[in-house]
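Peer 1: Here is what each chain is made of, one letter per residue.
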Amino acid sequence: MLRLKNIYKTFNKGSINEKQALSGLDLDLKRGDFATIVGSNGAGKSTLFNAIAGSFYVDRGLIELDGEDITFMREHERAKMLGYLFQDPMKGTAPHMTIEENLAIAYLRVSTGKYQIFTRVSKKDKEMFKEHLSLLNMGLEDRMNHPVGLLSGGQRQALTLLMATLVTPKLLLLDEHTAALDPATAAKVLELTKSIVKERNITCLMVTHNMNQALELGNRTLMMDCGRIVFDVFREERSHMKVSDLLEKFSLNAGKNLDDDRVLLSVDQKKN
Amino acid sequence: MFITPAIIQTALEVGLIYSLVALSLYLSFSILNLCDLSTDGCYTLGCAVGAITTMAGHPILAIPLAMIAGVCSGFITAFLQTRLNVESILAGIIVNTGLYTINLFVMGLSSNISIFGVDTVFSLFKGISDSPFWTEWHKLILLFIIVLISCLSMAFFLGTRLGLSIRATGDNEAMVKSSSINTAGTITVGLCVANSFTALAGCLIGQYNKSCDINLGTGMVTIALASLVIGETIFGRYSVKKGIVGVVCGSCLYRFIVAMALRLNVPTEAFKLVSAIIIAVAIAAPRCKEYFLLQKAKTEAKKAHEAENKALGRAK
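Here the protein sequences come in this chain order: Y and W.
The numbering of the first sequence is UniProt numbering, which starts it at 1 and goes up by one.
The numbering of the second sequence is UniProt numbering, which starts it at 1 and goes up by one.
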């Protein structure tokens, strides 16, 4: 489904701030794969997502989505095939517009016919939005005309998830989308994510700092370091793995210990 | 009498024309969250194009032609911003500067033209009836119709899918991009529509005053912003319908305040200063209101605290 071949990206080339964010990254995701990505800060996880989403063009390499070469496709054109959730719940929705209007914008992915941009949101669309909202179980379907800015972070993130999957994307990118929420809300949003991804068999990439999550969620775990994938595990090998094995594998493959407070904290928490 | 009907009438007429400029800024400033400083030049451009066409004997054709001129000006501003990455304020200033020369060329290299003695949309509209009522009020009625149509079409436009995308562009650009909408496109369309309204206002003021001056638009952007802020203060800012009604009312109110200031025998030399003060007060009003409410809450909290202490002291 998604194929990345020998991707290179360097920021601020030629200056003292030069930073090679991706160096020779290879990745091949099959249809229906749900892969989690772990790695220390600055390993290139977010850069990888932005490269796929098209915030910038890569210096070298090839990006293919569903057999189509999208290396130089523009950001808004790729967005038709992608769903992207950020860590910041404020980033994915327009605060001064109503829930209904936000959903209508997400639904534009399929309705950009020649004259359709001059039409208004139809009753049928509204019913459809309502139906989807009621699946979230948050009572949002009765607040369709409220500005999104009035919702809590968790509600906004759930709405963003709904918007990203309203039109089933070919690839869903989740960049630590539950990290900024309180534990109870995070669990709920994660539950929703799992059910939506499973139900529609969406190919999915998810960044996480939680090592347990990295092994429990999905069917594949990737580890990144210095702009490359240093470790890739799936099927039986993965099901027998514990967090300590994962950390060991990392130091073996990357030639150093994983030095990220948040990752290690999440490990400690589980031990206690 | 301090306020005569004639004063109210003139204030409403001019207020309605200016409300079109305020409507344009509502789209570019409030909704798209951009500073389009080409308003001054675009207003004069609309007036110049309208005046020339009216002089040639086509007062009605003048309106669409002026609007097209406005669209062109908006397109250039948008092109500089979205394709060449010029800062939004800077793009407006650049276009504004360039428009000065263009306006001079449109006006045949003279800084002032007069269109007395030819038909205007107002004189054509007056010709419908001979009754004294009609002669008195025809300008206001025509302007009211034009502004009503403009407001309705703006409200309709902002409700369409394209309009929603434009609103979202000003609200959260990252989200719009990830919803597969080209923000360069929405900004371009938004600025073109906004500037067409500015030029329409210019065209109408030219036919209303039967003249066009190269410096007509100076300070227009501040006046329109004042109208916008007055409207937002009174009507709130989050709903589109309220926003549009607020813009029109704010503009008429602003004209009314200016008319009152004139009645107070303010010398014409001091007029610019007076308008600047009115604008500053209008923009500062919400902040002042907030401040007074906070002070009130503070004194009340203090009082309640003192009363509580007293009660405790007595209990001891």
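Just so you know, the hints here were simulated from the structure itself, not pulled from any lab data.
Errors might be hidden in some of the hints.
Distance windows between CB atoms, simulated [as the list claims (entries may be wrong)]:
#, chain 1, residue 1, chain 2, residue 2, range
1, W, I234, Y, D142, 28 to 38 Å
2, W, E308, Y, A187, 53 to 63 Å
3, W, G313, Y, G139, 28 to 38 Å
4, W, K241, Y, F118, 36 to 46 Å
5, Y, G139, W, K241, 24 to 34 Å
6, W, F105, Y, G42, 38 to 48 Å
7, Y, R3, W, K241, 32 to 42 Å
8, W, K241, Y, A187, 35 to 45 Å
Chain W is nowhere near these chain Y residues, computed Cβ spacing over 10 Å in every case [what the hints assert, rightly or not]:
#, residue
9, F11
10, T93
11, A94
12, F118
13, H209
14, G255
15, K256
Straight-line Cα separation of at most 27 Å, DSS-like style, residue types lysine-lysine; simulated pairs [as the list claims (entries may be wrong)]:
#, chain 1, residue 1, chain 2, residue 2
16, Y, K126, W, K242
17, Y, K124, W, K241
18, Y, K130, W, K289
19, W, K310, W, K289
Ideal Cβ positions, reconstructed from N, Cα and C, are used throughout, including at glycine.
Peer 1: Check each numbered hint from earlier against the structure, then list the numbers of those it violates in ascending order.
Peer 2: The structure breaks hints 2, 3, 4, 6, 7, 10, 11, 12, 18, 19; every other hint is satisfied.
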